[in-house]
Amino acid sequence: MYKARAWLSRSFTALSSNPLRVCVVGSGPAGFYTAEKTLKAHQEAQVDIIDRLPTPFGLVRSGVAPDHPETKASSPKKLQQIVINQFSRVVQHERCSFFGNVTLGSSVSLSELRQLYHVVVLAYGAESDRALGIPGEDLIGVHSAREFVWWYNGHPDGKNLSPDLKSTDTAVILGQGNVALDVARILLRPTEELATTDIASYAWTALEGSSIRKVYLVGRRGPVQAACTAKELREILGIKNLYVHIREDDLIKSPTDEEEMKNSRIQRRVYELLSKAAASASSQPMLGQRELHFVFFRKPDSFLESNERSGHVSGVHFEKTALKGGGPGKQYAVGTGEFEDLDCGMVLKSIGYKSVPVNGLPFDNHKGIVPNIRGRVLKNISGDSSQVENGLYVCGWLKRGPTGIIATNLYCAEETVGSISEDLEQGVLASSSGLPKPGREGLLQLLDNRNVRPVPFSAWEKIDSEEKRLGSLRNKPKEKLTTYEDLLKVAT
Amino acid sequence: MLLPRLLRVGAFMVKELSRGGCTSISRTGCTRQHWRPFIELQSVPRVFQGSIFQKYPHFSTTAENDASHGSNKQKDMINVTFVDKDGEEKNIKVPVGMSMLEAAHENDIELEGACEGSLACSTCHVIVMDMDYYNKLEDPTDEENDMLDLAFGLTETSRLGCQIVASPELDGIRLAIPAATRNFAVDGYVPKPH
Chain A
1 MYKARAWLSR SFTALSSNPL RVCVVGSGPA GFYTAEKTLK AHQEAQVDII
51 DRLPTPFGLV RSGVAPDHPE TKASSPKKLQ QIVINQFSRV VQHERCSFFG
101 NVTLGSSVSL SELRQLYHVV VLAYGAESDR ALGIPGEDLI GVHSAREFVW
151 WYNGHPDGKN LSPDLKSTDT AVILGQGNVA LDVARILLRP TEELATTDIA
201 SYAWTALEGS SIRKVYLVGR RGPVQAACTA KELREILGIK NLYVHIREDD
251 LIKSPTDEEE MKNSRIQRRV YELLSKAAAS ASSQPMLGQR ELHFVFFRKP
301 DSFLESNERS GHVSGVHFEK TALKGGGPGK QYAVGTGEFE DLDCGMVLKS
351 IGYKSVPVNG LPFDNHKGIV PNIRGRVLKN ISGDSSQVEN GLYVCGWLKR
401 GPTGIIATNL YCAEETVGSI SEDLEQGVLA SSSGLPKPGR EGLLQLLDNR
451 NVRPVPFSAW EKIDSEEKRL GSLRNKPKEK LTTYEDLLKV AT
Chain B
1 MLLPRLLRVG AFMVKELSRG GCTSISRTGC TRQHWRPFIE LQSVPRVFQG
51 SIFQKYPHFS TTAENDASHG SNKQKDMINV TFVDKDGEEK NIKVPVGMSM
101 LEAAHENDIE LEGACEGSLA CSTCHVIVMD MDYYNKLEDP TDEENDMLDL
151 AFGLTETSRL GCQIVASPEL DGIRLAIPAA TRNFAVDGYV PKPH
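Protein chains in written order, with UniProt numbering: chain A, 1 to 492; chain B, 1 to 194.
Watch out, some of these pointers could steer you wrong.
Stated by the list, open to error - SDA-like mimics (lysine to any residue), calculated; alpha carbons at most 20 Å apart, straight line:
hint: 1; chain 1: A; residue 1: K214; chain 2: A; residue 2: V244
hint: 2; chain 1: A; residue 1: K77; chain 2: B; residue 2: E143
hint: 3; chain 1: A; residue 1: K72; chain 2: A; residue 2: T196
hint: 4; chain 1: A; residue 1: K276; chain 2: B; residue 2: I109
hint: 5; chain 1: A; residue 1: K159; chain 2: A; residue 2: S201
hint: 6; chain 1: A; residue 1: K72; chain 2: B; residue 2: E156
hint: 7; chain 1: A; residue 1: K166; chain 2: B; residue 2: E156
hint: 8; chain 1: A; residue 1: K320; chain 2: A; residue 2: H293
hint: 9; chain 1: A; residue 1: K240; chain 2: A; residue 2: R189
hint: 10; chain 1: A; residue 1: K240; chain 2: A; residue 2: E305
hint: 11; chain 1: A; residue 1: K72; chain 2: B; residue 2: E144
hint: 12; chain 1: A; residue 1: K78; chain 2: B; residue 2: D142
hint: 13; chain 1: A; residue 1: K489; chain 2: A; residue 2: E479
hint: 14; chain 1: A; residue 1: K72; chain 2: B; residue 2: D108
hint: 15; chain 1: A; residue 1: K77; chain 2: B; residue 2: D142
hint: 16; chain 1: A; residue 1: K320; chain 2: A; residue 2: K354
hint: 17; chain 1: A; residue 1: K78; chain 2: B; residue 2: E144
hint: 18; chain 1: A; residue 1: K462; chain 2: A; residue 2: R189
hint: 19; chain 1: A; residue 1: K72; chain 2: B; residue 2: N145
hint: 20; chain 1: A; residue 1: K72; chain 2: B; residue 2: S118
hint: 21; chain 1: A; residue 1: K262; chain 2: B; residue 2: N145
hint: 22; chain 1: A; residue 1: K77; chain 2: B; residue 2: E156
hint: 23; chain 1: A; residue 1: K262; chain 2: B; residue 2: E156
hint: 24; chain 1: A; residue 1: K77; chain 2: B; residue 2: I109
hint: 25; chain 1: A; residue 1: K299; chain 2: A; residue 2: I252
hint: 26; chain 1: A; residue 1: K462; chain 2: A; residue 2: K489
hint: 27; chain 1: A; residue 1: K72; chain 2: B; residue 2: I109
hint: 28; chain 1: A; residue 1: K262; chain 2: B; residue 2: S118
hint: 29; chain 1: A; residue 1: K240; chain 2: A; residue 2: L39
hint: 30; chain 1: A; residue 1: K77; chain 2: B; residue 2: S118
hint: 31; chain 1: A; residue 1: K324; chain 2: A; residue 2: I252
hint: 32; chain 1: A; residue 1: K40; chain 2: B; residue 2: D108
hint: 33; chain 1: A; residue 1: K299; chain 2: A; residue 2: K324
hint: 34; chain 1: A; residue 1: K40; chain 2: B; residue 2: N145
hint: 35; chain 1: A; residue 1: K276; chain 2: B; residue 2: E143
hint: 36; chain 1: A; residue 1: K276; chain 2: B; residue 2: N145
hint: 37; chain 1: A; residue 1: K77; chain 2: B; residue 2: N145
hint: 38; chain 1: A; residue 1: K354; chain 2: A; residue 2: H143
Calculated directly from the structure, the hints in this document are not laboratory data.
Bound conformation, chain A alone (with noise of 0.2 Å):
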């Protein structure tokens, strides 16, 4: 620390000119959209994205599913592809740096950054899980979705997940969002279209053994209130030789659900696909037919332990529910006091993430996020506006909870921009006229000083073309490299 500061004072006197010196932490969406929008509105602004993993681009690398087609124009793999073009493009302006491999909190305290820059934006996500909090949760087989997609994405804490695929024929998703269909599409779809995606290699090896051939998809709500959207729907529905199940029963609408379908278009199309799958459906699943069944108006009470391999999942206790309440987009379920048990030897909660926050950062738990007012950080939860971080803003599900889609950060990032380009102007921000700051050079001697070896986006271009040329060998678009020694290594 010492020397920081000495460096500190020395670089004062050896900067020429005195650039906004920007930093933002994570590098997905909200941090992309973050940088590319700062380096429009300032001409004078020298923008440093950091992020803990050696890999750039957060879920747009590790979050979407191998298996959407990668050539069709409305595929998340197109976009994928876009975006992860603009983001490099963005990265590539002169004024604009990566560095990969630094982890906010131990290579670099959060008190440290707000020293070195003028302008620090969180934008590191939501790395974490909600918890249902009911007995059992822990045990063996139990997962979130979220540690099975970083799983088969290659994400390097996924890895060693390993879920047991090879014990059960029967696998319980509890939510019924777009990342539910997702884990279930990925465990129900024949291998061989797996092959030739950039799926993790030990992924496909495991999905390629698996015995799981039933997908139960579990729903406190109606079908009306399903939580995904038609496009993803429709995609799952559409897996070759795939037996569909939705009880007849559970398709019965309320008049509030009526209402609820007139009010939105999502709601009624998601419904409608639905019910057509259902009357399309044969009554029995053929052999060797895998399954996919919907399930509605349940939620889960507590997991139930094996008799015969103690500490491991093997079904789950769900209590019946019905809808109350509210009226059109505000029923809830309540508990009918009447259970029923689904075997199972995999559950994988989808349920939504979860913000993790850092030292010195204002959190809201209760929300998740960080108490902010478009993009300012407050400096507790009360909501009192007056009581701002200066300097500190965040963007992205940190800022307003893990919901929507890539381009939802983009206005995102926009109002978070407005918010320091407003700060500048009215002279709330120390500006870099006002006084200097040591930025990227600061940065970077602080690290140095650590021992912390930060990856520039040089080198994972020798990553990314590393993976293609692994993944062109097995016929693959990318092999990716999926422990952070390889990453390492082929970094430097």
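Following the hints, complete the assembly by docking chain B onto the known chain A.
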């Protein structure tokens, strides 16, 4: 003749937009702070123009201007009016075959296009202001409908700008850019991070 119709469409839009806003907020529990900034946000310089321009180098603005003088080429251009969120109109000529998203960007009209017209987002949402013109368009595909589902301020005559391609029968079409193509409040579903 024209004015009453415009007013009608305008009133319809306002109604639709405000209704869309309310339902969305109640569905999601999305805080109102996400809503206030729309107007201020629009004044922030757009960022995507650069990349989109690079993508369509073959449509040069000068060629377009020249074309409007030549009678032969005239036939290959149609008149399109964009009405922005403040109600300001901009009349442009669009070559047949060009999408409204490209045309907007060629003419400095503020319309996002985050996925560069690949039908993977809804940021180029426009409202066709006249039902007659709306009916002249081919029906939206499932893929377009999937994206329109996520658009804010959806109306009965909403389309994606990237999917409306200039053709002679669309000469005179009027397109409104919703007060917000902001996606904040359409989060009634669990997100898919792509």
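Each hint tested on the structure:
{"no.": "1", "hint": "A/K214 - A/V244", "result": "holds (10 Å)"}
{"no.": "2", "hint": "A/K77 - B/E143", "result": "holds (14 Å)"}
{"no.": "3", "hint": "A/K72 - A/T196", "result": "holds (15 Å)"}
{"no.": "4", "hint": "A/K276 - B/I109", "result": "violated (41 Å)"}
{"no.": "5", "hint": "A/K159 - A/S201", "result": "holds (10 Å)"}
{"no.": "6", "hint": "A/K72 - B/E156", "result": "violated (27 Å)"}
{"no.": "7", "hint": "A/K166 - B/E156", "result": "violated (50 Å)"}
{"no.": "8", "hint": "A/K320 - A/H293", "result": "holds (16 Å)"}
{"no.": "9", "hint": "A/K240 - A/R189", "result": "holds (8 Å)"}
{"no.": "10", "hint": "A/K240 - A/E305", "result": "violated (34 Å)"}
{"no.": "11", "hint": "A/K72 - B/E144", "result": "holds (13 Å)"}
{"no.": "12", "hint": "A/K78 - B/D142", "result": "holds (17 Å)"}
{"no.": "13", "hint": "A/K489 - A/E479", "result": "holds (16 Å)"}
{"no.": "14", "hint": "A/K72 - B/D108", "result": "violated (29 Å)"}
{"no.": "15", "hint": "A/K77 - B/D142", "result": "holds (18 Å)"}
{"no.": "16", "hint": "A/K320 - A/K354", "result": "violated (27 Å)"}
{"no.": "17", "hint": "A/K78 - B/E144", "result": "holds (15 Å)"}
{"no.": "18", "hint": "A/K462 - A/R189", "result": "violated (32 Å)"}
{"no.": "19", "hint": "A/K72 - B/N145", "result": "holds (16 Å)"}
{"no.": "20", "hint": "A/K72 - B/S118", "result": "holds (9 Å)"}
{"no.": "21", "hint": "A/K262 - B/N145", "result": "holds (16 Å)"}
{"no.": "22", "hint": "A/K77 - B/E156", "result": "violated (30 Å)"}
{"no.": "23", "hint": "A/K262 - B/E156", "result": "holds (12 Å)"}
{"no.": "24", "hint": "A/K77 - B/I109", "result": "violated (29 Å)"}
{"no.": "25", "hint": "A/K299 - A/I252", "result": "holds (19 Å)"}
{"no.": "26", "hint": "A/K462 - A/K489", "result": "holds (10 Å)"}
{"no.": "27", "hint": "A/K72 - B/I109", "result": "violated (28 Å)"}
{"no.": "28", "hint": "A/K262 - B/S118", "result": "violated (29 Å)"}
{"no.": "29", "hint": "A/K240 - A/L39", "result": "violated (47 Å)"}
{"no.": "30", "hint": "A/K77 - B/S118", "result": "holds (11 Å)"}
{"no.": "31", "hint": "A/K324 - A/I252", "result": "holds (15 Å)"}
{"no.": "32", "hint": "A/K40 - B/D108", "result": "holds (16 Å)"}
{"no.": "33", "hint": "A/K299 - A/K324", "result": "holds (14 Å)"}
{"no.": "34", "hint": "A/K40 - B/N145", "result": "violated (32 Å)"}
{"no.": "35", "hint": "A/K276 - B/E143", "result": "holds (18 Å)"}
{"no.": "36", "hint": "A/K276 - B/N145", "result": "holds (17 Å)"}
{"no.": "37", "hint": "A/K77 - B/N145", "result": "holds (19 Å)"}
{"no.": "38", "hint": "A/K354 - A/H143", "result": "holds (15 Å)"}
Of the numbered hints given earlier, the model fails hints 4, 6, 7, 10, 14, 16, 18, 22, 24, 27, 28, 29, 34; all others are met.
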